[in-house]
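Whenever a hint applies, use it, and build me the whole structure from the sequences.
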Amino acid sequence: MNLLSNVMNFLNNYVYYIGAFGLIFIGLCIILIKRNLIKVIIGLSILSTGVNLFLISVGYISKGTAPIFSKSGLDSTRMVDPVPHALVLTAIVIGVAVLALALSLAIRLYHHYGTLNLRKIKEQRW
Amino acid sequence: MVNPVLLIVVPLGLAFALPLLGLISKKIIKFIPVIAFIFNLVISSLLIPRVLDHPIIISIGGFPPPFCISLVAGPVGIIFSTLIALIGLLVSIYALSYIKEGPEEKYHILYLLLLTGATGVVLTGDIFNLFVFFEIVCISSYSLVAYRGDKAGIESAVKYLIQGTVGSSFLLIGIGLLYGLFGTLNMADIAQNITSISPLSIFVPLVLIITGLGVEAAIFPLNSWLPDAHSSAPSSVSAILSGIAIEVGLYAVIRVIFTIFGGSSNIFMFLLFLGILTLLIGEMSAFSQNNIKRMLAYSSIGQIGLILFAFGIATSNAVTGGLFQLVSHTLAKALLFLTVGYMIRRTGSMDISAFEGMGRKMPFTSLAFTIGAFSIVGLPPFVGFFSKFLIIRAALAKQDVLFIVLVGLVLLGTVIEGAYFFRVVHVLYFKGEKVNQERKEAPITALIPIFVLVILIVGIVIYHRYIIIILNSAASELLNKVEYIRSVLG
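These protein sequences, in sequence, are chains F and U. Mapping of the first sequence onto numbering that gives the first Met the number 0: residues 0 to 125, in sequence order. Mapping of the second sequence onto numbering that gives the first Met the number 0: residues 0 to 489, in sequence order.
Some hints could be false.
[What the hints assert, rightly or not] Okay, derived cross-link-like pairs now, EDC-like style, lysine to aspartate or glutamate, Cα gap no bigger than 16 Å in a straight line:
| # | chain 1 | residue 1 | chain 2 | residue 2 |
| --- | --- | --- | --- | --- |
| 1 | U | K25 | U | D149 |
| 2 | F | K121 | U | D149 |
| 3 | U | K360 | U | E440 |
| 4 | F | K62 | F | D74 |
| 5 | U | K25 | U | E104 |
| 6 | U | K150 | F | E122 |
Simulated from the structure, these hints should not be mistaken for lab results. Since this is a predicted model, take the numbers as computed values, not measurements.
This is the structure we're talking about:
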């Protein structure tokens, strides 16, 4: 019983980090293992989602409030750190740009090779 | 009072105003990068004497330093921004006639953005801001590699994009961890508090950040994208990627190691071996190439290794030598790619054997290529000799058997480098039939930048005293972390 409560406690504190690094790990695995370029791009997207979740959880406080000092009745110790939110907004925008570029490159690659299988596309090599 | 912010704002503004200006006249768009970089070059050179006196700190948003995004225009930043503006100007003059087909407007926008991002990386004092500018550099170079839209270009752009994005994600995780540990993103503020945290918990962000930046800086295990990307991009883009983009990546690595983490001897030892490994792998791969642009790309990897080696020695002389090597590599490699661009266009092939008799067909371009090659190898009258000499002298001054062995390996790398560059020079001048072939030089817009680069490669040697003074103060900015923190945080 004690063990269970310890585990629950641990999960309660770190569940966001576990989720974030889980997503990062899944994304990396997809990028490394999958052969289809579209799947690799999906992997990139999952990876960047994981990174964003991680950044948010750095500043997160359970049952926290928005950091508005002008509004009375908000406890300043329970305010969520706003800086990671700003970072994540920027990171999401960058992620969208990279994703759009990757998908458009995938279209061009398909035009040239007639396949998206990365194992078959290897004209450039060391 | 000249504000360093202008170095970023003006090219960025012009990049986004470019499509609008294109509505007025399609002919003026290609001159806009030229104007932007003339402006940047003037501002950066005006700032040099002031920055040598004391670094200029700009707080954006008007908050005091730890809370705002700050720009730190120290000697290192201004040297880099001058270099970026100079190479940017020369290559944009070259591109006036070189870029003929394809969506020209987009080329010029991306080109401006790439160099704006690079300027931002070297001037920023905020680690997240560094990430953002870094992404600007990366995204514009992915698309510039694919500019021609041919098979090789698209394939290498995809490779580059996947590896680069994974690298950036690692960088961002590292930055997130640092923010979690210190609650600040200001590099000086993190550097100030770095000793208050146990070395073990700093190790993870350090590794993540170096891995992330190492992809762009082409440090050995992370550089498989580089030869493809640099060889399949248009030559003017290759010159920028080889001359600016990887140098900026390397700048970020050394800024993070020297300033933020303050570098222990273990990290420097790691850099030394990484540098030697990168050097030898790059030079040996370059030796076996028949494609001239791939050869130059591998040679860039080798040079990056040498620069990393110099920073790994981490004495004041060695850091000066490393920065000098960085400058000389940028000048020489830009020159090589620019000359090769028109040789490839004239012969229609990237094969080294296709360049037979080029010494008679394009005498000036071939001579410029030879000078660039000799400078990279490190032959005495050119700038490459002085920078290599400084590094090797600094390594020997350590008086350690290990360093003597490593210097031996560096010299081995130089011998290999000499072998493959002389092979090309041999093909240019001494192969092929000696019939009087028609001379057909590159156009004048290409010859001007080539000529300026040749003058710089020869001229810096004569005025090396002044360069060394500037580089010395840059080296002391990198090595003296306390001074950096004090100047930023006041």
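Hey, K121(F) versus D149(U), does the alpha-carbon distance stay inside 16 Å? Roughly 14 Å separates the two Cα atoms, so the pair holds.
Hinted pair K360(U) and E440(U), Cα distance within 16 Å: Holds: K360(U) and E440(U) sit about 7 Å apart, inside 16 Å.
Verify the proposed pairing of K62(F) with D74(F), using a straight-line Cα cut of 16 Å. holds (12 Å)
With a cut-off of 16 Å on the C-alpha distance, tell me whether K150(U) and E122(F) pass. holds (9 Å)
Just to be careful, I want the Cα atoms of K25(U) and D149(U) compared with a cutoff of 16 Å; is the pair within it? Measuring from Cα to Cα gives roughly 25 Å; hence the hint is violated.
Straight-line alpha-carbon gap K25(U) to E104(U), limit 16 Å: Measuring from Cα to Cα gives roughly 8 Å; hence the hint holds.
Going down the numbered hints, you'll see the structure goes against just number 1.
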